[in-house]
Amino acid sequence: GESVGLHLPTLSVQEGDNSIINCAYSNSASDYFIWYKQESGKGPQFIIDIRSNMDKRQGQRVTVLLNKTVKHLSLQIAATQPGDSAVYFCAVRPTRGSYIPTFGRGTSLIVHP
Amino acid sequence: EAGVTQFPSHSVIEKGQTVTLRCDPISGHDNLYWYRRVMGKEIKFLLHFVKESKQDESGMPNNRFLAERTGGTYSTLKVQPAELEDSGVYFCASSQDDQDWAPEKLFFGSGTQLSVL
Chain D
124 GESVGLHLPT LSVQEGDNSI INCAYSNSAS DYFIWYKQES GKGPQFIIDI RSNMDKRQGQ
184 RVTVLLNKTV KHLSLQIAAT QPGDSAVYFC AVRPTRGSYI PTFGRGTSLI VHP
Chain Y
974 EAGVTQFPSH SVIEKGQTVT LRCDPISGHD NLYWYRRVMG KEIKFLLHFV KESKQDESGM
1034 PNNRFLAERT GGTYSTLKVQ PAELEDSGVY FCASSQDDQD WAPEKLFFGS GTQLSVL
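Top to bottom, those sequences are chains D and Y.
Its first residue numbered 124, the first sequence is counted upward by one per residue in my numbering.
Its first residue numbered 974, the second sequence is counted upward by one per residue in my numbering.
The shape of chain Y in the complex, shown without the other chains (with noise of 0.2 Å):
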């Protein structure tokens, strides 16, 4: 079974231009979570989808940044224009059922490298 695979795995950008990250979860998890890791910082939550659905946005930075999920499947998360500040890495996760939520349930893709020059 494939695992959750985002793309690309790096991207270079310059400041004021748009990037646009995409996260494929497991088949099947309706739920689809993004994060941010700033270099040496903790891993910070974005938002949370429950299938197309916004549960959760509270960790959107600002504006700049648009998430979405049409369908249900797969997710996208647009950064439009780019600052310094947003580079990091930025993670994709995804799980079955939030009722029967367990660590070792939610699955994390490997991230996209984003460097905001």
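Looking at chain D on its own, in the form it has when it is part of the complex (with noise of 0.2 Å):
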């Protein structure tokens, strides 16, 4: 089966500055990657996706990169802001079967003024 493993459980940064989160997967067929974001007291919300085509995919003040070659994928905050603090999750969808995601263990980002 996949597992997915986060490289920091806390990352701490100051207001302003640019936060990257890290995450490694295990099954090199994996073909699409999930990003979550779980605000305190919420459930996990979607933030953005890639699929394996893609190295590259960039929203609004987010990107994820992709790097097939060592099964790491990241996800960078520019600007980051206090409303940006959260626990943040990388997941795997299964390339064959269900489509439930396979999680891994959160990195919660702390943002200081």
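Everything labelled a hint here was simulated from the structure, so no lab data went into it.
Quick caveat: nothing in here was measured; it's all calculated off a predicted structure.
Beta carbons: idealized from backbone N, C-alpha and C, even for Gly.
Among the hints, erroneous ones may be present.
[Claimed, not checked] Derived coverage of chain Y by chain D (criterion: at least 3 residues anywhere in the stretch with Cβ under 8 Å from a Cβ of chain D; other residues may be distant):
id: 1; stretch: 1014 to 1025
id: 2; stretch: 1082 to 1090
[As the list claims (entries may be wrong)] For lysine-lysine, the following BS3-like pairs were computed, each having C-alpha atoms within a straight-line distance of at most 25 Å:
id: 3; chain 1: Y; residue 1: Lys1024; chain 2: Y; residue 2: Lys988
id: 4; chain 1: Y; residue 1: Lys1051; chain 2: D; residue 2: Lys165
id: 5; chain 1: Y; residue 1: Lys1017; chain 2: D; residue 2: Lys165
Two independent chains are provided; combine them into the complex using the hints.
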């Protein structure tokens, strides 16, 4: 089965800095990757996704980078704001069968004003 | 439109007691999922309903956990008897159409924080 791991359980940054949250996956056949944000008292919420035929995808202030060679993806948040404080999960959707994604452990992003 | 709602938001029980968690999915969503996150760990899949049928229950930890979705609307997850390791946040999520799955179409509730003492 798939396993998904995050490199750091906690990341502290200053407001205005850029944040980078990293994630590793085990199955080289995985082709669909998702980032979720979970704010305190709320459930996970979709942020951005990327398919394996891409190396980079940009959203509003967020960029996801995918390195298939080393099975690593990252979420970059530009000009981090206090409202970005949350737990961030990467998830990998299976290549066959159900659409149920496998989640990583989560990185808690703490933004200091 | 109301989102996915879960009740209670917090539950503190003693080991050996029974607890029932409830999830009301978004109206019209046939797919309902239960997940659990133990402190500091990954969000783990428990099971998946399509309407009232269990499509996949491969993530259920053991037979102390019983999930139901009578009538294909709300779902309950009962833990009986509860053990210390059952503590964690239980999330419910729903989506409309499994054939056209997309992560932005999977909506999570706020979760139930279960503490077993």
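Quick one, are Y:Lys1017 and D:Lys165 close enough, alpha carbons at most 25 Å? This hinted pair holds, its Cα atoms lying about 17 Å apart.
With a Cβ-Cβ cutoff of 8 Å, does the stretch 1014 to 1025 of chain Y contain at least three residues near chain D? holds (count 6)
Quick check: the stretch 1082 to 1090 of chain Y, covered by chain D? Criterion 3+ residues, Cβ under 8 Å. holds (count 3)
Does Y:Lys988 sit within 25 Å of Y:Lys1024, going by the straight-line distance between their CA atoms? violated (32 Å)
Does the alpha-carbon distance linking Y:Lys1051 and D:Lys165 stay inside the 25 Å limit? holds (22 Å)
The structure is inconsistent with hint 3 alone, although it conforms to all the rest.
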